[in-house]
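Asker: Chain residues, written in single-letter form:
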Amino acid sequence: MADQLINQLLWPIIYILCITVPLIIAVAMFVYWERKVIGWMHVRLGPSKIGPFGLLQAFADVVKLLIKEVILPTKANRFLYFMAPLLALIPALAAWAVIPFSSKMVLSNANAGVLYLLAMTSLGVYGIIIAGWASNSRYALLGAMRSAAQVISYELAMGLCLVCVLVLAGSLNLTDIVNAQAGGKGLFDWFWLPLLPVFVIYFISGVAETNRAPFDVAEGESEIVAGFHVEYSGSAFAIFFLAEYANMILVSFLASILFLGGWLSPLQGWIHVDAPAWINWIWTGSWAWLFIKAFVMSFLFLWFRATFPRYRYDQIMRLGWKVLIPIAIVWVMVAGCMKFFGWVSIGVGA
Amino acid sequence: MNPQLFQLICFYAFGFVTVAAALSVITLKNTVHAVLALVLTFFSAACLWMLIDAEFLALALIVVYVGAVMVLFLFVVMMLDIDQEKMREGFVKFLPVGLIVAAAMLVEMLGLIGVRAMHAQAMGANPATAAGLSNTAWLGQALYTKFLLPFEIAALILTVGVVAAVALTLRTRGDARYESASQQVKVNPRDRVRIVKMAAERPVDETPAPPQESTP
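As given, the protein sequences belong to chains R and Y, one line each in that order.
Residue numbers for the first sequence follow my numbering, so the first one is 1 and each next one is one higher.
Residue numbers for the second sequence follow my numbering, so the first one is 1 and each next one is one higher.
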């Protein structure tokens, strides 16, 4: 009994903590990295005072947010007001359950992994809408409406991109999807090449889904102050912040897994040398490659933010519905043809 | 704890949440709360389906209903400006009608279950596990081979519905003005801005001469 309890309850909880705790720390470091990178792009220094190179800035911010007072606006709906940050955070963390970090390292090797991810990302919008409604503020409600309309629109484009990947990989399991990108042609075996337009659309939709610049009308500082979380302060705001950045990192990981071969090495099949394990991973692939790819993808989020001016609301809708979705639909058929006529090699055997 | 007992406990827990949430949909005063209770009902129903290995159906329910349909529903309800007290007034008046509808539905459902029981078609083994496939793969194979025609017809009907909905709501006023993004993109900068090239000039004397009196 005790053995079973440990096996079925304790170990999963430890595994979950092994994913979420580093994720939360990664969010803190990512915020620091974002401020630093954008500072450099603006020819400023960025955070530089706290700790060496300002490295402890993020932690100082966390402590500051946690000891601030949480304010409840008058006539706000108390229960929903405090539920909303949790509803935003839970799906953002739960989605990580199916992410495979390497061929063996995965918390839940679910068969319907991609569907699960879609379900979790579509739940995240509730936190935003409820926050906007429950805080009894015009700005917050406007931000929530913008955000929800945007998330629903871009979810369609994102879903169609996933369909292309599924058609080629022939599986909903994320580990199988990565294995389908293995082969002897190095990085040209990954899905970014046959699905190049879809890869671009996927990442644009990912940026839009996380409400990041240039799609950040939901926050729109110059128009509606801060959007759906304008009334939140202290730790409640920190939770929204955490959810947004966890989602950004998630999109970066997903783009790496679905299109950039996950943990596979870009040199796969080119180098056949027996080296010690600490060198071997460079061409046999390991979790380190996934982290490198995700780091590069997440850097794009910051680069976009420092480069592009904000879209207008109608431009966002036009881009989503009239440009991205039609291209994605066409590419679903192209992917079907690729699979049917065998134009792309799937997996090592082919 | 054996897995079956665990599954049973999970079933009762999710079932309880489903029923409780469904009841609160019709009893809660605040309409937004009621919609959220409906979301919870869908979610726990999806969990129940997950328990019987119907993973595709469960996740599709969450993606489609919880993730999209209910979000739009929540929108509409949030925008409504209704007097909550007035909404409660007719409760007793409409109670008999509601009870009759509920009773009719109960009889129908019991009848359906009874007819099924007479056919004595006990639920067979899960066909997906029997075929050694995952639920999603089996469903996909069944839909695209055995039930291809009904599937395509259903898709066609849905498309017609979408077209009809767009046609019903697409109204344009004659005097409305729109921006055409394609025209905006096609604009030639030379039509808008004239770039003048000229040699650099020395500035004219710093202090301008006082305007000369001009005799009209």
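It is possible that some hints are incorrect.
[To be verified] Computed list of lysine to any residue pairs in SDA-like fashion (alpha-carbon distance at most 20 Å, straight line): (1) 75(R) to 79(Y); (2) 322(R) to 79(Y); (3) 185(R) to 172(Y); (4) 29(Y) to 62(R); (5) 29(Y) to 136(R).
[As the list claims (entries may be wrong)] Derived list of chain R stretches under chain Y, where covered just means 3 residues or more per stretch with a C-beta under 8 Å from a C-beta of chain Y: (6) 180-186; (7) 212-219; (8) 283-292.
Because the hints were derived from the structure by calculation, they are not lab data.
Source: prediction; values computed, not measured.
The beta-carbon is built from N, C-alpha and C at its ideal position, and this holds for glycine as well.
Asker: Next, verify each hint and record whether it holds.
Answerer: Here's how the hints hold up against the structure:
1. A C-alpha spacing of about 17 Å is found between residue 75(R) and residue 79(Y), which places the hinted pair at or below 20 Å, so the restraint holds.
2. Of the supplied pair hints, the one linking residue 322(R) and residue 79(Y) is violated, its CA atoms being roughly 27 Å apart against a limit of 20 Å.
3. Using a Cα cut-off of 20 Å, the hinted pair residue 185(R) and residue 172(Y) is violated, with the two alpha carbons roughly 54 Å apart.
4. The suggested pairing of residue 29(Y) with residue 62(R) is violated, with an alpha-carbon distance near 38 Å, which exceeds 20 Å.
5. At most 20 Å may separate the alpha-carbon atoms for a hinted pair to count; residue 29(Y) and residue 136(R) meet this at roughly 18 Å.
6. Three residues within the 8 Å Cβ limit are the bar, and the region 180-186 of chain R against chain Y gives 0, so the coverage statement is violated.
7. Counting residues of the region 212-219 of chain R whose CB lies closer than 8 Å to any CB of chain Y gives 0, which falls below the minimum of 3, so the coverage claim is violated.
8. Given a C-beta distance limit of less than 8 Å, the hint that chain Y covers the region 283-292 of chain R is violated, as 0 residues qualify and 3 are needed.
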